[in-house]
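S.K.: Listed here are the chains, written in short residue letters.
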Amino acid sequence: MAKATKQKDEIQAEEQNELEALRAKVAQLEEEKKEREERELASGNSNLVKELQEIRKNNKSGAGKITYKDIHDHVNIPLYHTNGLHIGKVVGPIHPGNAEDVYLRFQAIGVRLSIYKPTAEQIERHKQSKEYKEALAKFERKRKLKNKSKKESEVERLTQEIAKLTGVPANRINKIKSPEEISGIGAEQ
Amino acid sequence: MKKRFMFMLLWALTNQNGAGETTVTTMTEAIPTAVSSALLEIEEADVVKSLVTEYGNFGSVPGVVHSTPIISKLTSEADDSLSNQAIDSGTYTGSPSQATVGVHGSTVFLKEIAVLGTVDDMMAVAGQLIGQSVVTRRDSDLVGLFSSLTQNEGGSNVDIVPADLFGAYNFLRTRNVRAPYELVLHPGHIWSAVGLITMFANVADANHYTYAAGGGVGSVGEDFMRNGWAGRVFGFNLYADSNIAVTSNNASGAAFGRNAFKYVPKREFRIDVLFSGPEVGWQVTGTEMWGEAVLKNNFGVEMQFNIDT
Numbered sequence: 001m002a003k004a005t006k007q008k009d010e011i012q013a014e015e016q017n018e019l020e021a022l023r024a025k026v027a028q029l030e031e032e033k034k035e036r037e038e039r040e041l042a043s044g045n046s047n048l049v050k051e052l053q054e055i056r057k058n059n060k061s062g063a064g065k066i067t068y069k070d071i072h073d074h075v076n077i078p079l080y081h082t083n084g085l086h087i088g089k090v091v092g093p094i095h096p097g098n099a100e101d102v103y104l105r106f107q108a109i110g111v112r113l114s115i116y117k118p119t120a121e122q123i124e125r126h127k128q129s130k131e132y133k134e135a136l137a138k139f140e141r142k143r144k145l146k147n148k149s150k151k152e153s154e155v156e157r158l159t160q161e162i163a164k165l166t167g168v169p170a171n172r173i174n175k176i177k178s179p180e181e182i183s184g185i186g187a188e189q
Numbered sequence: 001m002k003k004r005f006m007f008m009l010l011w012a013l014t015n016q017n018g019a020g021e022t023t024v025t026t027m028t029e030a031i032p033t034a035v036s037s038a039l040l041e042i043e044e045a046d047v048v049k050s051l052v053t054e055y056g057n058f059g060s061v062p063g064v065v066h067s068t069p070i071i072s073k074l075t076s077e078a079d080d081s082l083s084n085q086a087i088d089s090g091t092y093t094g095s096p097s098q099a100t101v102g103v104h105g106s107t108v109f110l111k112e113i114a115v116l117g118t119v120d121d122m123m124a125v126a127g128q129l130i131g132q133s134v135v136t137r138r139d140s141d142l143v144g145l146f147s148s149l150t151q152n153e154g155g156s157n158v159d160i161v162p163a164d165l166f167g168a169y170n171f172l173r174t175r176n177v178r179a180p181y182e183l184v185l186h187p188g189h190i191w192s193a194v195g196l197i198t199m200f201a202n203v204a205d206a207n208h209y210t211y212a213a214g215g216g217v218g219s220v221g222e223d224f225m226r227n228g229w230a231g232r233v234f235g236f237n238l239y240a241d242s243n244i245a246v247t248s249n250n251a252s253g254a255a256f257g258r259n260a261f262k263y264v265p266k267r268e269f270r271i272d273v274l275f276s277g278p279e280v281g282w283q284v285t286g287t288e289m290w291g292e293a294v295l296k297n298n299f300g301v302e303m304q305f306n307i308d309t
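Protein sequences, first through last, are from chains A and B. If you count the first sequence from 1, position 118 lands on 118 in this note's numbering, and the numbers rise without skipping. If you count the second sequence from 1, position 180 lands on 180 in this note's numbering, and the numbers rise without skipping.
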C-alpha cells in the first residue's frame with residue numbers, strides 16, 4: 001500500500017515537473033514572440049505596416065503629385081584620359097559633337113581620350129610605367145616651384161631651417177603662444 | 001450666462017467657415033511649393049553665358065551646326081612685293097569650331113486638383129521651376145567645356161597657389177588673348193580651407209593657419225574680409241559657379257578670354273501650356289534651343305584644384 005502511494009507521489013511529482021517545464025517553455029516562446037514582434041515593428045516589417053504599405057501602393061490617388069520630365073535631344077557624355085599624367089581624369093560631360101572635336105584636340109597633344117573609363121587596374125598599371133613616372137616627377141618639380149609662390153611655405157621652410165640650425169623649437173622662433181598663454185578679454189595682461 | 005456667451009463668441013470667431021476662405025491643404029500638395037522656394041534659393045543663375053562669345057544671329061538662318069573657322073594670323077612683310085598668305089584654318093587644331101544646336105527644357109504635368117488644392121499659383125511655380133532648370137542646364141553645358149581645354153593649371157590633388165593664377169595669366173597674355181580675363185571657379189576653390197582666400201586671410205592663429213605668418217591681407221584681402229568677396233584677383237574677374245562638377249574633392253574651373261568659348265542660341269526660352277481633358281490637367285513645357293563649343297582652345301586655361309568641402 002505504502003509502495004503504491006509512493007509510486008503515485010512520484011508520478012505526480014514527475015507530471016508537476018513536466019508541467020512546469022512546459023509552462024516555462026511557453027513563457028519563453030511568448031517572450032521570444034513578443035521580442036520578434038517588437039523587432040518587426042521597429043524595422044517596419046510588421047503586418048500592420050505591410051498592410052499600410054500595400055494600401056499606399058495601390059492608392060491610385062495622385063492628386064498631390066506633379067510629374068516632371070527633362071527634355072533633351074542629346075545626352076552630354078564624359079570622356080576619360082587613358083594615358084599621361086592625368087589618366088582617369090574626366091573631360092566634360094559635353095555634347096557628343098563637342099566630344100569628337102575634343103578627342104582630336106587632345107590626340108594632337110599626345111593625350112588619348114576614351115568614352116570608356118579606365119579601370120583601377122589599368123590606372124595602376126599605367127602608374128607603374130616609365131612614361132608616367134617621368135611625367136609625375138616633372139609635374140612634382142614644377143609644383144614644388146609653384147608652391148613657393150605662397151608665402152606660407154617660404155616662411156615655414158625658413159622657420160624649420162632655423163629651428164634645425166639653432167635647436168630652438170619653431171613655435172618659439174615665431175613667438176607663437178600656446179592657447180593657455182593667451183589671456184582672455186578683460187584678463188590681466 | 002455671460003461666461004457661456006463669451007465661450008460661444010470665442011468658438012464662432014475661431015471656427016467660422018465663411019465664403020472665400022482657403023481650406024487647409026495636405027503636406028503632399030504643398031510640397032511642390034516648398035520645393036520651388038528651396039530651389040529658387042539655392043539655384044545659381046547664368047554665370048558663364050555672359051562671359052563667352054554669343055552668336056545671336058544663328059536663329060534666323062537655317063542649320064543646326066554653327067561653324068566658325070579659326071583663321072591663322074598673318075605675317076606682315078616689310079617690302080613692296082607682298083606674297084599671298086593663306087587665310088585657312090589648316091594650322092589650327094580644332095578648326096572650325098562647331099557647335100551643334102540642341103533642345104533643352106523640362107515639362108511638368110500640372111493636375112487641376114493639385115492646382116485647386118494649393119494656395120499658391122501652381123502655374124507660376126511650375127514656370128519658375130522650369131526656368132531654373134533650363135538656366136542650370138545651360139550653365140552646366142558651358143562649365144562642362146572647361147575640362148576640354150588642353151592647357152591646364154593644377155591637377156587631381158593640388159591646392160591652388162598664386163603661381164597657378166599667374167601661370168594662367170601668362171598663358172593668355174602670351175597668346176594675345178583680348179582682356180578682360182575671366183576666372184570662373186567652384187565656390188570651394190575660393191572659400192575653402194585650401195581656397196583662394198587663404199592667400200589673403202589674416203588670422204591670429206598662425207599655428208593652425210600657417211599662411212597668416214606669410215604677411216598682410218592687402219586690399220583684396222580686406223575686400224574678402226569685409227564683403228566675403230573680391231571682384232578682381234590676380235588680374236582676373238572672379239566668378240563663383242556651383243554648377244561645376246566635383247570629382248573626389250577636386251573640380252575644374254577655368255581662366256579665359258571671351259573668345260575661348262561660344263554660345264549659339266537658336267530659339268529663345270518659351271513656355272507652352274496644353275490642357276489635357278482625359279488627364280484633367282495642364283502639360284506645362286519650357287524649352288530653349290542652343291549650342292555651345294570651345295571657340296579657341298588657346299584662349300582658355302583649365303584650373304583644376306582641390307575644393308576641400
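One or more of the hints may lead you astray.
Some chain A residues close to chain B (C-beta under 7 Å, calculated; not the full set) [as the list claims (entries may be wrong)]:
id, residue
1, S43
2, T67
3, Y68
4, V90
5, P93
6, I94
7, H95
8, V102
9, S114
10, I115
11, K146
Everything labelled a hint here was simulated from the structure, so no lab data went into it. All values reported here derive from a predicted model rather than from experimental measurement. Beta carbons: idealized from backbone N, C-alpha and C, even for Gly.
S.K.: If a hint holds in the structure, say so; if it does not, say that too.
M.R.: To see whether the hints hold, each was checked on the structure:
Hint status for S43(A): violated, given a least beta-carbon distance of 25 Å to chain B, over 7 Å. Interface hint at T67(A): satisfied, since its Cβ lies 5 Å from the closest Cβ of chain B, which is below the 7 Å cut-off. Residue-level restraint check for Y68(A) holds (minimum Cβ-Cβ distance to chain B is 5 Å; threshold 7 Å). This hint holds: V90(A) has a C-beta 6 Å from the nearest C-beta of chain B, less than the 7 Å allowed.
Residue-level restraint check for P93(A) holds (minimum Cβ-Cβ distance to chain B is 5 Å; threshold 7 Å). Because the beta carbon of I94(A) sits about 5 Å from the nearest beta carbon in chain B, less than 7 Å, this interface hint is met. Nearest Cβ of chain B to the Cβ of H95(A): about 6 Å, under the 7 Å cut. The hint holds. Residue-level restraint check for V102(A) holds (minimum Cβ-Cβ distance to chain B is 4 Å; threshold 7 Å).
The beta carbon of S114(A) is not positioned within 7 Å of any beta carbon in chain B (closest approach about 14 Å), and the interface hint is therefore violated. The beta carbon of I115(A) is not positioned within 7 Å of any beta carbon in chain B (closest approach about 14 Å), and the interface hint is therefore violated. For K146(A), the shortest C-beta to C-beta distance to chain B is roughly 4 Å, which falls under 7 Å, so the interface hint holds.
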